[in-house]
Every structure is written in structure tokens, then in C-alpha cells.
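A.B. asks: Take the two lone chains, each set in its own frame, and fit them into one complex as the hints suggest.
Respectively, the protein sequence lines represent chains A and B. For the first sequence, the residue numbers in our numbering are 1 to 123. For the second sequence, the residue numbers in our numbering are 1 to 217.
The hints are simulated quantities; they were obtained by calculation from the structure and are not laboratory data. Among these hints, one or two may not hold up.
As the list claims (entries may be wrong) - With a straight-line Cα cutoff of 30 Å, these simulated DSSO-like cross-link-like pairs (lysine-lysine) come out:
1. A:K6 with A:K38
2. B:K155 with B:K194
3. B:K159 with A:K2
4. A:K6 with B:K155
5. B:K204 with A:K6
6. B:K194 with A:K68
7. A:K38 with B:K155
8. B:K155 with A:K98
9. B:K159 with B:K131
10. A:K68 with A:K7
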Amino acid sequence: MKQDLKKQIAKSTAIQIYEAYPTLWDRFGERGFDHTEKDNMHHLDHLETAYGLNDRQVFLEYTLWLEKVLTSRNVESDLIIDNFERLIGLLDAEVELKEREFMQQCLQEAIDLLKGSNLKKGG
Amino acid sequence: MIQPTELAELFLQGNDREALVQVQQFLDSHNRKKLFDQLLTPAMYHIGELWETNTISVADEHLATAICDFVVSIIDKRGEETHSSKRKVMVLGPEGEEHYIGLKMVSSLFRENDWVVHYLGPNMPLDHAIKAANRWQPDTIALSAALVYRLPTLKAYIKSFKELAHAPAIIVGGRAAAFESSRILIDEGAILVKDLEQLEHWIKTGEEPDDEYRISI
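Extracted from the complex, chain B is given alone in its bound form (with noise of 0.2 Å):
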């Protein structure tokens, strides 16, 4: 089976072909979440620390994403037919946040557990995801962040999200919500997933994860 190193590598060497074979491969014994919190997520992280470490340029770093974008959107489950019982939810990332890729995952996770997703994409502004939440009333609105110095924003979002009339669930995850500072966000009222497992586990259960950071103090 494939490292995360290993496809890092495919990723960096934009070999779109042999990155989807190996994926593909990988998806024959594990499901969708495997394959995230299992192998993209710790290449992408291997991809981020190569950069921190001048091993690699913006310009790979940039290659590396758009071929992991790419394996993403083809193994994404699409295509059937979309009913009006099915819950739904709205996709996001603040204003200022570029990072998209864990909002694809989350995205195609939902969808494999039968959700209807409407994917906003990064950076999107605050009035304009107010607008669109009013006008779909999503029964969930997941929102992720990956630098720490989101969370004021985040935070503003999610009181902003509460206010809403329909009262949809507010979800925050990235790297910014593995952070003990993030949990001010519950405060606020989000529940907050560090990782995939814990979104599958609420997605399945209604079961909010363990407020660790409340229970350690």
C-alpha cells in the first residue's frame, strides 16, 4: 500500500495518472475517510512541512495541490438523484482563508454519507454566506480554518451563523480547530471535529466529540 510520502512524490512530480491508480487502488480496501485522514491529509501536511523547509517552491507546493484537487473531484461519489428529505449542508471557508482542500474532503464525506452539499469554496465573505444560508436553509453549516490566527474570524462567523432563524448546526474543523484556543469557538456554540473520524462520528451518531481541552483543565 502506498505511504503518504510516496504520493507526495506523484503529487510534486504532477503525475496525475499514477497519483489516481494508487488512490483508486488504496479505495479498494479502505473508504473515503481512510483515504483522507489516512494518506491526503498527511501528504498534503508532508507537502506543507517541504515548504516550511525551503525544500520545495510555491510553484510545487501549488502543483502538488491542484493534483490532489484533482484526485479529490474524481473519486468524489456524484451523480444521483437528489431528494427533498435529504439533509443538506453548506461548505465554507472564511474570509482570507485560501486553504480548500479539507473543505473539498469534508464536502465529498458528507456526500458519501448522503448528504446534499453546496460547496462555497475559500474566502468566502461573511454576508454573502448569510444570504445564500437564508435563502437554501441548510440543516449544517461546516466551516474550516488552517492558521490559528483565523480564529477571531471564525468566531465571528459561527455568532453570525447562531443568528440565523433556521438554527442549522455550525461544524468547524481544519488545523486551526486542533488548537486549545479554538475552543472559544464552542463557547460560541460550533462543534468542533479535529479530524475526519469525529465528522463521520457526529455525521453517523448526532454525538458531539469530547470537549478534551475542557476535560484536561
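Extracted from the complex, chain A is given alone in its bound form (with noise of 0.2 Å):
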């Protein structure tokens, strides 16, 4: 995927989010709306390495991670999970057939393993 294709997915999924949930403004402010584009961009990042690899795996690991790190900064699983369901839609008119489904699938299963454990969690 194009560098520039894939900044442009970052910010549009950034904006979708902030004007889906303007209460995030007050949370986390102009540093959090550059903070989701930056992270959005790792998504990216670890969805091509994945697919270069072939290897869901990767991007799987990488979820747990990010769970890991963005909870305990007070971004919520079901914020993560709302986040890759946006870059599914956005990914769809975008990127090549072969990689995009394997990306979606990749997310797929990610929004599902967030799910499952949000539900140990008793989320």
C-alpha cells in the first residue's frame, strides 16, 4: 500500500472517530486526535507487514499489545474495536483485492479477540 493512500486512510479513520464520539475532544483533546491518526497509521504499518509475511498472527499479537497499552491509558477496548471496524469500511474502495481481504480478515479476527476478552473482562 502507497505511503500517501495510507496516511490518507489514517486521518479519515482519526476524523470518523472524532466526529462519531466529540466527547473525545474534552478527553484527550488536539494531542489525543493526533495520537489516534499516528496509531492508525501502526494499524496500517502491522496489517502490511502481516500480509507481506502472510502471517495473521502478527497482526493478532499486535492487537493484544495495543490493547495492553491503550487501556491502561484510559482508551477503551470497545474504542479499539469501533476503530478497526472504521478501517475495514475505509479500507473497502481503497487497496488491492488480494491485500485487502487478507487485511479485513486480519481485523476480523482482531475485533473478534478484542470481543472475547472484553467478555472475560465482564465488558
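C.D. replies: What follows is the structure, encoded as C-alpha cells:
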């Protein structure tokens, strides 16, 4: 995936999230928005690596690490799930079919994993 | 004997003197490889986990890394005359990789085993690494990466190093090397070491570690 396209998807995702949850501006401010955009670049980098290695586990392990880092900084798992769902949608029109299908499957498995760990926590 | 979490606490306090005293006491009855594998690496992994869970800040983590760096530098074996007959190793991290304590431990272990080391540090651009290798002609190039998403970059580095006319051995370590997908690096011709124990075994015997992933499939 081209760098410009990744940047565009990361920015669109951050905008969508902050439009859907305007209270995030109060909670995390401009810095939070920038972090969300950067985090989405990391998500896309890891999706690309997983695709390059043909190994979805790379993205699933990253997801578990990400959940630990973000939930300890008051970003709840539901917000990560919401983020990944938006990425599935935003990948749709822009990315080449084989790569897109692989990445969407990674994201779906990661969402299932996060929902599972949410259940365990009683969330 | 001090435990890794206790040493991590000294690092986080910025207590360089006491950290060094404790490490030197450990070295009275252990070698450097054991110090790195059993004490310093677990201490630094513990600090990484404290950051992951937001127990410490980035500033705390950087302070702890600086103290660990100080300790590793102080105990490094230096100062002996360089003979042309000694084997040579070039140690580096690929572009984008900022972690470097592991590279310093690897350098120290090679020195302890009487190699001449050129430590080029982390975040080393490939074209400059190639030029340095052509100029200095090391017997071995050692690479390390902490994050699994550096694997494609490592693969590209290995591919280029394999084209060097003097054909150095290429060793890869770091947390990324412990990941199952890292076996693609073996396919590129690299020797994968998952810890300093395996690295020292290779240094002393030239025997490569078993490819556990290949056996398990």
C-alpha cells in the first residue's frame, strides 16, 4: 500500500472517530486526535507486515499489545473495536483486492479477539 | 543476589552507583552472558512492561535505559591490542529501529570472545552499512530488531548483505527474531539466535541453532 494512501486512510479514520464521539475532544484534545491518526498508521503498518509475511498472527499479537497499552491509558477496548471496524470500511474502495481481503480478515479476527477479551473482563 | 525487578527499580531511580555495584557483584560469580541473559535483559523487559501498562512514563523509561547503557558500557571488556588475525564483527540495527541496548550487549559478548567489534548503533541506513562492510570486510554482520514489523526491513538488509563479495556470516537476534515468522530470515540465509546463549554457542563452535519452527511443522 502506498504511503500516501495509508496517511489518507489514517486521517479519515481519526476524523470519523472524533466526529462519532465528540467527547473525545474534551477527554484527549488535539494531542489525542494526533495520536489516533498516528496509531492508525501503526495499525496499517502492522497489517502490511502481516500481509507481507502472510501471517495474520502478527496482527493479532499486535492487537493484544495495543489493547494493553491503550486501556492502561484510559482508551477502552470498545473504541479500538470501533476503530478497526472503521478501517475495514475505509479499506474497501482503495486497496487492491487480495491485500484488502487479507487485511479485512485480520481486522475481523482482531475484533473477535478484543470482544472475547472484553467478555472475560465482564465488559 | 539481586533480582531483575530490583535492578529495574535502581535503573528507574537513576541510581547508577548502586546499579553498578550490584552488577559488579553479580559478575564476581557469573560471566557477562549470564549477566545479560539473566539479569539485564529481564530487568529491561520488566521496564518495558511497566511502560505498556502506563505504570511509568516515557521519561522514566529513558532514564532507566540510560543507566542500563552506562552499566553495560562500564563492564565492557576493552583496551587490549587489536591483532589483524582477530575475527571481526559489525553490529547494527536497521533503519527505523531505535532500540540499542541489545546491540551493545551483543558487541560486549563478541569482545569477551576476543573479536574486534565495530558497533554502528541502531537506525543504520542500508547503503551506509553496505559501504562500511565493503571497506572493513567483517567476518560477520550482526543485526537486531525489537519489533516484529521490522522483519520485512531485516529481510531486505540480509538480502543485500548476502550479495557482499566477501560473504560474511549474517546473524539476527532481538525480540523480533523470537517470532515464528522470523523463519523467513533463515530462508534468506541468516542465522537466527533467540538469545545470547545461542549467540555464544555459535561464536564458540560455529554451530547454528536448530530451526525449532521448521522441526515443529
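A.B. asks: All hints, please: hold or fail.
C.D. replies: Hints, verified against the model:
For the proposed pair K6 (chain A) and K38 (chain A), the alpha carbon gap of about 11 Å is at most 30 Å, so the pair holds. Simply put, K155 (chain B) and K194 (chain B) have alpha-carbon atoms about 17 Å apart, close enough for the 30 Å limit, and the pair holds. The suggested pairing of K159 (chain B) with K2 (chain A) holds, with an alpha-carbon distance near 22 Å, which does not exceed 30 Å. For the suggested pair K6 (chain A) and K155 (chain B), the alpha carbons sit about 22 Å apart, so the restraint of at most 30 Å is met.
Pair hint K204 (chain B) plus K6 (chain A) does not hold up; C-alpha atoms about 46 Å apart against a cutoff of 30 Å. A hinted pair counts as satisfied when its Cα atoms are at most 30 Å apart, and K194 (chain B) with K68 (chain A) qualifies at roughly 24 Å. Taken as a hint, the K38 (chain A) and K155 (chain B) pair is honoured in the structure, with Cα atoms around 25 Å apart against an allowance of 30 Å. Proposed proximity of K155 (chain B) and K98 (chain A) is supported: the alpha carbons are some 22 Å apart, at most 30 Å.
The hinted pair formed by K159 (chain B) and K131 (chain B) meets the criterion: a straight-line CA distance of about 15 Å does not exceed 30 Å. For the proposed pair K68 (chain A) and K7 (chain A), the alpha carbon gap of about 25 Å is at most 30 Å, so the pair holds.
Of the numbered hints listed earlier, the single one contradicted by the structure is hint 5.
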